[in-house]
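> From first to last, the protein sequence lines stand for chains X and P.
Per the working numbering, the very first residue in the first sequence carries number 74; after that it's consecutive.
Per the working numbering, the very first residue in the second sequence carries number 19; after that it's consecutive.
Because the hints were derived from the structure by calculation, they are not lab data.
Each hint should be verified, as a subset may be incorrect.
Stated by the list, open to error - Label-pair restraints from in silico Cβ distances: (1) P:Arg202 with X:Asp184: 31 to 37 Å; (2) X:Thr254 with P:Ser98: 18 to 24 Å; (3) P:Asp140 with X:Gly231: 29 to 35 Å; (4) X:Thr254 with P:Lys20: 39 to 45 Å; (5) P:Arg197 with X:Gln145: 35 to 41 Å; (6) P:Lys20 with X:Glu138: 47 to 53 Å.
Predicted, not measured: the structure shown is a model, and the values here were computed from it.
We put the beta carbon where it would ideally sit given N, CA and C, even for glycine.
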Amino acid sequence: MASKNSSNESEKDVKILDGTRRDFLKQSTLLTAIALTPAPLVRAAENGWDEKIAAVYEKVPLNIEVNGVKHQLSVEPRATLLDLLREQLDLTGTKKGCDHGQCGACTVHVDGHRINSCLTLGVMVSGKKITTIEGLAKGDQLHPMQEAFLKHDGFQCGYCTPGQIMSAVACIREGHANSETEIREYMSGNICRCGAYPNIVNAIQEVKDGGQTV
Amino acid sequence: MKQFQYIRPSTQQSVLEAINKPGTKIIAGGTNLVDLMKRGVTAPDKLVDINHLPLKSIASTKTGLHIGALALNSVVSENSLVIEKQPLLSMALKAGASPQLRNMATVGGNMMQRTRCTYFYDITMPCNKREPGSGCGAMEGYNRMHAIFGASQQCIAVHPSDMCVGLAALDAVVVIAGRRGERRIPFTEFHRLPEDHPEMDNHLAKDELIIAVEIPDNNFAKNSYYLKVRDRQSYAFALVSVAAALDISNGVIKQARLAMGGVAHKPWRLLDAEKALIGKTVSEESFKQAALIAMQGAKAYEYNSFKLKLAPATITEALKHASGLV
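Make a model of the complete structure from these sequences and hints.
Written out as structure tokens, the structure is:
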């Protein structure tokens, strides 16, 4: 996951991000106190707009590409990639399971590498390309791994499935799907509470053996 | 999660200036820090994202292998130089976490990760590491995962890393940058024992940054092994793990390196057992004797006394694998 951000962009971001809520509040409070504030700002403070305006200042710009579509977002630094995908972009295919990096339901690809989106801050993937489960199919044509999961019944309740499929695709691309043992080891970051593991392994083996490009 | 300010400096100098302020934390992979922030265990005012610093390289030097602090755990574990020169490190890394987490976690971040003691994570429980002076929930609590070496009255937590156990065994050196220049310390002196200050995991100062680890060349590549025993076969923290590296000539051990994980507040190097192995022939008996020596001074708590048997058995087994006996 080598960073592709230029240093110019980084410096620009630092400048943009440096205006803090605390500075803003300090300045605005001081101005109010010495009664030199323009009337609209005085009214803003009285109406509690200070907090609301500050909330806008707390957000930082974020440019990312998700499933081939470029997005210019404004996000809180504390928002995880998982929450951005689900809440801001309405891409609810990526699931929130444990939200602590223990289950793998939130697995997505960042610049082609699988990661846990629940432990990734959105601001940290600035300029990167994200692929979610919604980005695998080509129109109505399912990705071979999606087809294989259907054929082999690689799920029961289906909640872990998007994460399993994203991980399964990565597992083959990484070259770690050469035996059942290897598949189980390299799929260990994705927990299936229903216990569909044997069928998941079969699905992955079929796609691997089929030699299709994943 | 509490709101915080986020900055993304592009030079080491600006990082060093930024981190010297109270309430500031560095973020690299974020696999542990973001989790701790979600749970309220830590709540920084400002995060300094260091991912744009040029600290990702893995390269051979005249004396060893240089690994940048931002090299990803997955990249290091698959790197051909690492596999060729220091396969023990590759094995230790692959034993840790999951493929997804290894794609995020960095070498420096792995070193800086906090304990997984459940009392540290549960903010309703006492924990001297999280809140100095509040007590230790684990001492009289469910201490199955806890230390058998080097614990104190204040803390019996263990360091959770696998990578660090490998690096401790391989005599790695930590390269640290500060505002006054660089310093280098042996890996085994990077992490500390809890003593009276369990809130401090290591000797890195607030205004310092890990920039690399270096592993001196050795003759262990042919005979090394990382054995991790855990509650499930993969993706779990160690109950006990052992990094074993041997230099064997004509069936006789010339040099040995041993370190254990899951047993102490830091990677637990087994110097006395290493010495005992020198000059011995490769045999299960020599390994069992070394394992007994390694266990001197071990002390168990109510729920982790199984480690007193598991640890020597794991040492013996790791040495058997490393030496080619199995």
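> When the hints from earlier in the document are held up against this structure, which numbers fail?
Checked against the structure, the only hint that fails is number 6, while the rest are satisfied.
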